[in-house]
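**Q** Here is how the chains run, residue by residue.
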Amino acid sequence: MEDSFDKTILELESRIEELKKLNMKPEVQFDSEISELEKKLKRTMKKTFSKLTPWQVVQVARHKNRPVLRDYIAMIFDEFIELHGDRCFGDDHGMIGGFAMIGKKRVILIGHQKGKTVEDQVKNNFGMASPDGYRKALRLMKLAEKYKLPVLSFIDTPGAYPGADAEARGQAEAIAKNLTEMAVLKTPIIVIVTGEGGSGGALGIGVGDAVLMLSNSIYSVISPEGCASILWRDGAKAPEAAAALKLTAPSLLELGVIDEIIQEPVGGAHRDYAATADAVKEALVRHTRRLQRYKIRKLVEKRYDKYARMGKL
Amino acid sequence: MGWFSKRKRTAPTPVKKDDIWVKCHACTAHVYREEWLSNLKVCPKCNFHDRISFQERLGLIIDDGSFHEFDKDLKAPDPLKFVDAKGRYADKTRQTTEKTGLNESVITGRGKIHGMRVVLAIMDFRFLGGSLGSGTGEKILSAARFALKHKMPYIVISASGGARMHEGILSLMQMAKTCAGIAQLHEAGLPYISVLTHPTTGGVSASFAMVGDVNIAEPKAMIGFAGRRVIEQTIKEELPDDFQTAEYLLEHGFIDHIVQRTEMKDCLYRILQYWSSK
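The listed protein sequences derive, respectively, from chains G and L. Just so you know, we're using my numbering here: the first sequence kicks off at 1 and counts up by one. Just so you know, we're using my numbering here: the second sequence kicks off at 1 and counts up by one.
Think of the hints as simulated: they come from the structure by calculation, not from any bench. Note that CB positions come from ideal geometry on N, CA and C, so glycine has one too. It is possible that some hints are incorrect.
Stated by the list, open to error - Output of the computed footprint for chain L on chain G, the stretches with three or more beta carbons under 8 angstroms from beta carbons of chain L:
id	stretch
1	171-177
2	215-226
3	296-310
What the hints assert, rightly or not - Below, a list of computed lysine-lysine pairs in the DSS-like style, where the Cα atoms sit at most 30 angstroms apart:
id	chain 1	residue 1	chain 2	residue 2
4	L	Lys151	G	Lys237
5	G	Lys302	G	Lys142
6	G	Lys312	L	Lys41
7	G	Lys295	L	Lys151
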């Protein structure tokens, strides 16, 4: 069920691409056509992306070219020493992390890694972390506490891995433990949802003092498809479910679940990596600086109060 | 009456099969309802502990007359104004309340176990599958706060299909919210016992239910994160029968004890006694 809301955009883009190629030849001159089409593209893009439906936002959040964590690491961080393993069972490639530097600032970085090539996606299990991943993340967060470094947590997952081995090793316990530990972790935690915030798999590294969201990302208790197949008894009703679940960034801001929306470039993060990374970096630096000014006790108290208010009647 | 007039059928209306028999969810054996009921809804054939209401649970665990309920009038909110194929969520909760007398999927309060004071939360599956919504989370947290304030042990008895879809992301946040309450008890050195009953899955198993100082389960309770069907679709294999049972979890190191319904009160009492001994 492919949503084709950006069909016109894609057509314009490929037309411009073609003309640009032709334009390389000395005997032709398409400059004016190209600039005309580019103007049109800009207008169409702006118009289309200013009124995406929740289901269309889901498509953008899951876009195959959307930047993944390793892209952000390359663009934002000046140093990244990856650390491996949960010291328990294994090393989850769908959840990565390590020592990182953002400018001259040291941080502990954790996050889901979806992957881009098929090979990479399979290796990373499409960003669906296993208990080993959540335990690795917790191990790194504990290091952050020990070294008094802020935690930056990048969320982009369809959900925690629903496999038999994951159950055997305690998927539920691993996530539950992270929620309990993160609630009182004695260092600032800054969370950013960059793509898909899939349920418990997202929340397992998602408890924080500041929770940010890219404007075309989503965050939900269940996938729209899953919700539709249960409550509508029809997976094809996912667009309806997506709207009912209120899973887009503006809805989440209104509900008090997130603290800030980071605006993506027009056309989505996948159309302009550099601008997206700049916006993400600016927000991360700003929130890290802000949160590091708090006394730890006060910070943890504020974090508790924030979660205690969630959904309060 | 003429000799040949048709006699009216006077055969007694047959008693519906369901009224006499109960089919065990676990072993599918048919059991006499009365026998099953007098056995506290435990299958006499396979020892599967089926779901019971919070009133039944309360009677089995808490000393008569010692229970004082908290947040009695707290009702499930409808923050998303959620509507699905079957209609409005708000109507659904109202109808459930009319049918069951429950305002939310959990009842909280304080009471005594053989004279020992505890704070208690009992989930009831009859309210939207025991799902975790904002009201559920609020009650579980507020009971944890009471325990913290009065330095009392906290016991949560879970029975839930997971987070409630109708409250969207706010249901998910209840996982973080309840765990924040449990974390405070941990920091204060106060005991927290989690009792996992059939079923405890999804967002409830992945939050407060799994982080007890002591995790206790009832025999054959289904406990797990993902649903069995989802896992089978993911791994494209059939799962063994004992997968995600209490016994399986004990074997894999995630619970401490499997305790019979009839012995739960004494078990909890022994643990509480241990804690309170100087």
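**Q** So, for every hint listed, does it hold in this structure?
**A** Against the structure, the hints come out as follows:
no.: 1; hint: 171-177; result: holds (count 6)
no.: 2; hint: 215-226; result: holds (count 4)
no.: 3; hint: 296-310; result: holds (count 5)
no.: 4; hint: L:Lys151 / G:Lys237; result: violated, 49 angstroms
no.: 5; hint: G:Lys302 / G:Lys142; result: holds, 20 angstroms
no.: 6; hint: G:Lys312 / L:Lys41; result: violated, 36 angstroms
no.: 7; hint: G:Lys295 / L:Lys151; result: holds, 26 angstroms
This entry does not satisfy hints 4, 6, going by the numbered hints stated previously.
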